[in-house]
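Enquirer: Each chain, letter by letter, is given below.
2 protein chains.
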Amino acid sequence: MQPLRHGACAHIDRQAIAHNLQTLQHRMGLEKTGRSPRIWAIVKADAYGHGLEHAVPALQAADGLAVLSASEAYRCRQLGWSKPILIMGDQQLTRDELSDPALYPLHWVVEHEGQINQLESLASVLQPHVWLRFTGNLHHAGFQAHHYRPAYARLQALSAAGRLGGIGHFQHYANAEDPEQLAAERQLFAQLTIGLPGPVSTENSAALLLSARAAANTDWLRVGLALYGVSPLPGLDGAALGLKPAMAFQAPIYGIQELQAGDSVGYGSTFRAERPLRIGLVQCGYADGYPRAATLGCPVHVPGGMAGIVGRVSMDTLSINLDQHPHIVPGHQVTLWGRPELPVENVALAAATIAPQLLTGLTARVPRVAQTPETPASQPDKRHQ
Amino acid sequence: MQPLRHGACAHIDRQAIAHNLQTLQHRMGLEKTGRSPRIWAIVKADAYGHGLEHAVPALQAADGLAVLSASEAYRCRQLGWSKPILIMGDQQLTRDELSDPALYPLHWVVEHEGQINQLESLASVLQPHVWLRFTGNLHHAGFQAHHYRPAYARLQALSAAGRLGGIGHFQHYANAEDPEQLAAERQLFAQLTIGLPGPVSTENSAALLLSARAAANTDWLRVGLALYGVSPLPGLDGAALGLKPAMAFQAPIYGIQELQAGDSVGYGSTFRAERPLRIGLVQCGYADGYPRAATLGCPVHVPGGMAGIVGRVSMDTLSINLDQHPHIVPGHQVTLWGRPELPVENVALAAATIAPQLLTGLTARVPRVAQTPETPASQPDKRHQ
Chain S
1 MQPLRHGACA HIDRQAIAHN LQTLQHRMGL EKTGRSPRIW AIVKADAYGH
51 GLEHAVPALQ AADGLAVLSA SEAYRCRQLG WSKPILIMGD QQLTRDELSD
101 PALYPLHWVV EHEGQINQLE SLASVLQPHV WLRFTGNLHH AGFQAHHYRP
151 AYARLQALSA AGRLGGIGHF QHYANAEDPE QLAAERQLFA QLTIGLPGPV
201 STENSAALLL SARAAANTDW LRVGLALYGV SPLPGLDGAA LGLKPAMAFQ
251 APIYGIQELQ AGDSVGYGST FRAERPLRIG LVQCGYADGY PRAATLGCPV
301 HVPGGMAGIV GRVSMDTLSI NLDQHPHIVP GHQVTLWGRP ELPVENVALA
351 AATIAPQLLT GLTARVPRVA QTPETPASQP DKRHQ
Chain G
1 MQPLRHGACA HIDRQAIAHN LQTLQHRMGL EKTGRSPRIW AIVKADAYGH
51 GLEHAVPALQ AADGLAVLSA SEAYRCRQLG WSKPILIMGD QQLTRDELSD
101 PALYPLHWVV EHEGQINQLE SLASVLQPHV WLRFTGNLHH AGFQAHHYRP
151 AYARLQALSA AGRLGGIGHF QHYANAEDPE QLAAERQLFA QLTIGLPGPV
201 STENSAALLL SARAAANTDW LRVGLALYGV SPLPGLDGAA LGLKPAMAFQ
251 APIYGIQELQ AGDSVGYGST FRAERPLRIG LVQCGYADGY PRAATLGCPV
301 HVPGGMAGIV GRVSMDTLSI NLDQHPHIVP GHQVTLWGRP ELPVENVALA
351 AATIAPQLLT GLTARVPRVA QTPETPASQP DKRHQ
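Keeping their order, the protein sequence lines are chains S and G.
Residue 320 in the numbering used here sits at position 320 of the first sequence, with consecutive numbering throughout.
Residue 12 in the numbering used here sits at position 12 of the second sequence, with consecutive numbering throughout.
Bound conformation, chain S alone (with noise of 0.2 angstroms):
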């Protein structure tokens, strides 16, 4: 199914994506530890909305790729990866997808005693590597700590009659970007797995950049919203930490309206001019995935500056305040977010959610395009006016 023509469209940039991982890389490696950790670059998600077509040749330098499905890894494999693939979040792997070449080197995180028993009746040349995951204090998925160890203990059994290609120790933290309770989860799971042989997978991009030498003393990194150029610390934007932003969200500009004082916009007529106004409508809204809960002022960027949403945004349409913008005019591109100026954190923040939750609500009808440095943002296309 092609996706429908429509005005909004989200630019990839896979520079900014290769960037970022170099980045995290770099930043790991300033680490004096002796070990040199391996990352896993998370993809699930469609690659956090940014599409997996996308992502996946950006991130040649990755050790391996984390997906939720084995679907998802299907895509991956057909998009020319060679390396590691690990599946996060499939309990229900068939037996013909492991017992399938294709997917292999292959990586699993074992969750539930329904996945031992699978891989105990399972009669296969091939070795998936597993991954056991605590539960910890995010309760997700994962064994319980004193279910922990006989879990292991079976899984070493398998391991022992050369049956798996390795066992590793898997966790998500719940409160990664809070130093304090980070502390915490990682001394909890110390614990948990002391004297258990083993590679350890627990650190994400919030736990790298909080503390990068207690990361980079653990064997696998998972890190995803980093690479997407996106901040997982409060407070924080991407280019603070050093990272370009993967996606510009943009629509076109296809209406000019001069309102007069009284004059409302939108549905519900939430907002009335005070004195004459000229607003811009562009061709974005709520079915793009562009958050609702944007209200008056939310900014947005044009040629030449920062402007502010007003009235509702709509399943169509938002209308932006170009007061201070008299050049501007339809065929102009206005970015909604992903631009220095206008990172998708401060729109996150304007629409009361965070900044995953809008790369990845973009829907089936916004193209995911490659980037075109070359075109002139600042030219409005004709085809507009």
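If you're looking for bench data, these hints aren't it; they were derived computationally from the structure.
Model, not experiment: these values are computed from the prediction.
Some hints could be false.
[To be verified] Derived list of chain S stretches under chain G, where covered just means 3 residues or more per stretch with a C-beta under 8 angstroms from a C-beta of chain G: (1) 36-49; (2) 121-129; (3) 268-281; (4) 286-293; (5) 314-322; (6) 346-356.
For every residue, glycine included, the Cβ atom is placed at its ideal position computed from N, Cα and C.
Start from chain S and add chain G according to the hints.
Expert: Chain G only, in chain S's frame:
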């Protein structure tokens, strides 16, 4: 591109869509106005998120389909629709599109001078039917009052030369769900068009349900939200208006956690159990389009009754309180909206948004499948056990 396998799925009930259309037609028919208005069934935004492939076959009894863009119009034609199509939001139809017999019978909303210029310069034997749009209080597009009659005169000259199929009058109300403001908007439009021949299309679901007689006195109604079983009027749900929900949004339970007193669940540990608590983990998150703004207690339905969300909705997971549902196990389906006990209107209210935002906000990874009523929803799927 195939949709990726994932837990969340939107089940579309085509019979409900057909029923809702019939209900609206019946309501209109009860008004003995001497006219018998025709109906544009609105299928923009991929049929409000339900999928054109499901909606178009269910809307055979409509007089025409209304879409936003030429791409959507082409998809309706590919799906076999041969009656009129109204393109409402595409000011930039190309010469080729306007001259393509495949799009006809074609109706086109004219909201900009550039479109009239284009029609004047078009040498085509085909005759589009045009609808002149008044900007009204919405100010999203269209001609202001003092430009309306001059624009009409230009179109009339084209029509006299045999180059148009007809000229209609068109408006979107800004406040259709408020009886007083609706009456004022209707009056403004009546004054604007006094003495101008041509059919009128101003009424939507809300206007029809609020004052059927006034709506039945126009020529073409545009019904959208109500077709999908959702009330366009605040304080009422679809069932109260005789409508049936067309979408049941469901996802499976993939895990159970037995929390101890003091245990937290989810990122940020925003929920902490005060006593031992059984929670269910549901394979649906904000990357599916489920609202992250849904907080503690936001209702869901499980086989046997209602339950509520605990903890933060994350990218791929949400968790629910199963204290009252000891029989629920992995594989059971959770309905997130779209059952008689759980209209989408209620979820929208709990998440501080509106129903069409939820429906159109589902992302590409949620398959839209035709409902198979024979599936016994109360039995868990074995694959998840």
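Enquirer: Which hints, by number, does the structure contradict?
Expert: 2
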